[in-house]
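Undergrad: Here is how the chains run, residue by residue.
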Amino acid sequence: MFQGMNFEPATLPGEFDGLRQEVRSFLAEETDWAPNSDFNTGASPDFSRRLAEKGWIGMTWPKVYGGGERSFLERYIVTEELLAAGAPVGCHWIADRQSGPLLLKFGTEAQKAEFLPKIVAGDIFFSIGMSEPDSGSDLASIRTHADRVDGGWRLNGSKIWTSGAHHNHYMVTLVRTEPPGENRHAGMSQFIVPIRADGVTVRGIENLAGESDFNQIFFDDVFIPDELVVGEPGNGWAQVMSELAYERSGPERFLSAFRVLLEYGRSIKGNATPEQTALYGRLIAHLMVLRRMSVSVANLLQQGVMPNTEAALIKELGNAYERLVPEAIRLYPPKHPSPDYARVLNECILHAPSFTLRGGTREILRGMIARGLGLR
Amino acid sequence: MASESQQLIVESSSRLLADHVSPALIESVEAGHFAEGLWSRLVEQGLLLLGLDESAGGYGGTFGDQLALLRQMGRYAVPAPVAETLLANHLRALLGAEGLTLPSAVVDSSRLTGRDGSFSGMLEDIPWGPFLQRVLVAADTSSGTVWIEMPVGEIENRVSSLAGEPTATLRFDQVEPLRVLGPFIEQHQTELLHRGAAMHASLMAGALEQSLEIAVGYVLERNQFGQPLAKFQAIQHQLAVMATHVAASTRSVDQLQMRDEAPSDLDVAIAKARVGEAVGLSTDTAHQVMGAMGYTREHHLNYLTRRLWVWRDRFGHETVWQQRIGEYFLSANQADLWMQITELS
Numbered sequence: 002m003f004q005g006m007n008f009e010p011a012t013l014p015g016e017f018d019g020l021r022q023e024v025r026s027f028l029a030e031e032t033d034w035a036p037n038s039d040f041n042t043g044a045s046p047d048f049s050r051r052l053a054e055k056g057w058i059g060m061t062w063p064k065v066y067g068g069g070e071r072s073f074l075e076r077y078i079v080t081e082e083l084l085a086a087g088a089p090v091g092c093h094w095i096a097d098r099q100s101g102p103l104l105l106k107f108g109t110e111a112q113k114a115e116f117l118p119k120i121v122a123g124d125i126f127f128s129i130g131m132s133e134p135d136s137g138s139d140l141a142s143i144r145t146h147a148d149r150v151d152g153g154w155r156l157n158g159s160k161i162w163t164s165g166a167h168h169n170h171y172m173v174t175l176v177r178t179e180p181p182g183e184n185r186h187a188g189m190s191q192f193i194v195p196i197r198a199d200g201v202t203v204r205g206i207e208n209l210a211g212e213s214d215f216n217q218i219f220f221d222d223v224f225i226p227d228e229l230v231v232g233e234p235g236n237g238w239a240q241v242m243s244e245l246a247y248e249r250s251g252p253e254r255f256l257s258a259f260r261v262l263l264e265y266g267r268s269i270k271g272n273a274t275p276e277q278t279a280l281y282g283r284l285i286a287h288l289m290v291l292r293r294m295s296v297s298v299a300n301l302l303q304q305g306v307m308p309n310t311e312a313a314l315i316k317e318l319g320n321a322y323e324r325l326v327p328e329a330i331r332l333y334p335p336k337h338p339s340p341d342y343a344r345v346l347n348e349c350i351l352h353a354p355s356f357t358l359r360g361g362t363r364e365i366l367r368g369m370i371a372r373g374l375g376l377r
Numbered sequence: 379m380a381s382e383s384q385q386l387i388v389e390s391s392s393r394l395l396a397d398h399v400s401p402a403l404i405e406s407v408e409a410g411h412f413a414e415g416l417w418s419r420l421v422e423q424g425l426l427l428l429g430l431d432e433s434a435g436g437y438g439g440t441f442g443d444q445l446a447l448l449r450q451m452g453r454y455a456v457p458a459p460v461a462e463t464l465l466a467n468h469l470r471a472l473l474g475a476e477g478l479t480l481p482s483a484v485v486d487s488s489r490l491t492g493r494d495g496s497f498s499g500m501l502e503d504i505p506w507g508p509f510l511q512r513v514l515v516a517a518d519t520s521s522g523t524v525w526i527e528m529p530v531g532e533i534e535n536r537v538s539s540l541a542g543e544p545t546a547t548l549r550f551d552q553v554e555p556l557r558v559l560g561p562f563i564e565q566h567q568t569e570l571l572h573r574g575a576a577m578h579a580s581l582m583a584g585a586l587e588q589s590l591e592i593a594v595g596y597v598l599e600r601n602q603f604g605q606p607l608a609k610f611q612a613i614q615h616q617l618a619v620m621a622t623h624v625a626a627s628t629r630s631v632d633q634l635q636m637r638d639e640a641p642s643d644l645d646v647a648i649a650k651a652r653v654g655e656a657v658g659l660s661t662d663t664a665h666q667v668m669g670a671m672g673y674t675r676e677h678h679l680n681y682l683t684r685r686l687w688v689w690r691d692r693f694g695h696e697t698v699w700q701q702r703i704g705e706y707f708l709s710a711n712q713a714d715l716w717m718q719i720t721e722l723s
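Each protein sequence line maps, in turn, to chains A and Y.
Taking the numbering used here, I'd label the letters of the first sequence as residues 2 to 377.
Taking the numbering used here, I'd label the letters of the second sequence as residues 379 to 723.
These are calculated hints, taken from the structure and not from any lab test.
Quick caveat: nothing in here was measured; it's all calculated off a predicted structure.
We put the beta carbon where it would ideally sit given N, CA and C, even for glycine.
Treat the hints with care, as some may be off.
Said to hold, decoys possible - So the derived list for chain A, only partly shown, Cβ under 10 Å to chain Y, looks like this: (1) D18; (2) E81; (3) R177; (4) E276; (5) L280; (6) L314; (7) R372.
All chains should be modelled from the sequences, with the hints used to inform the complete structure.
TA: Here you go:
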């Protein structure tokens, strides 16, 4: 492909098969949730704690912070097993995927010692505070700002579309610590905002499915001590960009509709028409190729490479696939639907509009791929 | 992705193809003239015997090496029966015969009938028919079905494929075979189908990569409304989407090349189905962003596009392979989908 795009074949080493079996055994014992492969749909603090007991949160992090010092590929196996099973991963997902790695990279020793062990234990959960009422894809236009005060910062403004803020403890929040200047990417910082702090208000926003998953957050003179600033003040933009490869290349970008495909297969097995068989084969072919591309990127992450363009490409292709699955399947409905078929299909259709919005809109991703092609 | 030997093949074949494949050559072939010069170079470099063991008259190498070569051939829209000849050599090797560098093809869509040592019948719509010197074909005889190697004699109904490949019906009227290769075994037929599909997936992946590069190069140079087309978001986004499908195609084909042994039937099915599906969107996009220029005969994009349109139908189009994939995953003895997927990796 083009220079700078690399999907070098990699495979998940067979030595990790035991881990995969262990995750499956663990999941087989789980009974108190209805499966949904959309990582943003199910959230259970109890489930996250049970997972933590197994050592499957923060599993790549240093042992000194409670991590498992396992490889990125082992984490990949755990996360894809959880998603395929439709486990309620929503509580710890962001902390494990993004906030923890961010702190490891930019956090102070005190921050790492304070937060990472609690994340690993499943005791604290994180949200992402990026979008604002007037700043969506144009993230650099944020207006939430903080003024210097004695010992810290005074925070004012509002964030929106903050998934899980109603049950999470902290949000890593991008704020302006200097007024916008000529370089619009300068003057931003990342704060760890305790969601229950004085002056923070969380207001739920119902989504089209009637669920309250995301929120608007209001900051009204919230005091943020210096100890909760991540990295260097002013370096926020670069730090946010460094999270993107983690955020965009993982299996949650193409497995959101997996339960639909699974229940479809269960439903048509033994009575499939040729059209249904071909559709099933087509959707599996796409899935297998996406998974291989995603494993290739996981392997690059393991080697310390930050493949941002590849990650954007996987998310764009994977999201398109997640949107395709329910739309294609509904046109060839099974004659004998499995008990869960209608529920998972309906849930997927209701959630589908979010697939191509969260974690970077389709339009932003296409722009990144275009840059990788040398068009921008 | 590519092993060291594959990288060498890519480098040496790229040089050869860059030197010897031109629009003029492709036009000449489409007008009915065999690409003698190109073919001699391929013979000299031993590329037509690639992947054959020394015992079969080859120079060694793997099927993955062949696929790496064909991906380059795809990039250059090579106007000669290279995949067909490599496949014929594989059948020869399977049946214990030496490989040949003569333009050859395997035909198993119809059979000849043998009587008293000579064979008759019609083989219809054979790509490259007028250029072939040998045809390996199944034939029914009183003592069973055999593979035979036939000289190409009478040619009828010369037509052209979408890609302008000279195509013809080959007629045999009590013709003696050059050799009886051995008994017709269904397993060989299945193997040939999969090899042919893998080869065409590789050809397509190369042509898709090249089409994307051409389209990107064009929009960077072409100015409209006072700036390069590349600056328009509408153009950027179309090419970005095309790039996702081209990347999926190359990754599907990498999977076939990455091992020394032949790829699994399922991986071949996935590659042929996935790459084939990428062709429609990719050719649409490349032509759309290039405007009328890409629609001309003069611009070389058309040589890639027309071949892509042919290759996606050869050795089974998308639906054929999608059904096989579906059947594999629906078969009664198979476990739940996720277990199947992770076991395959």
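Undergrad: Evaluate each hint against the coordinates.
TA: So, going through the hints one by one against the coordinates:
1. D18: Where the cut-off is 10 Å and the nearest Cβ of chain Y is about 9 Å from D18 of chain A, the hint holds.
2. E81: holds (8 Å)
3. R177: violated (27 Å)
4. E276: holds (9 Å)
5. L280: Given a least distance of 7 Å, the restraint on L280 of chain A holds.
6. L314: holds (5 Å)
7. R372: holds (8 Å)
In this structure, the one hint that does not hold is number 3.
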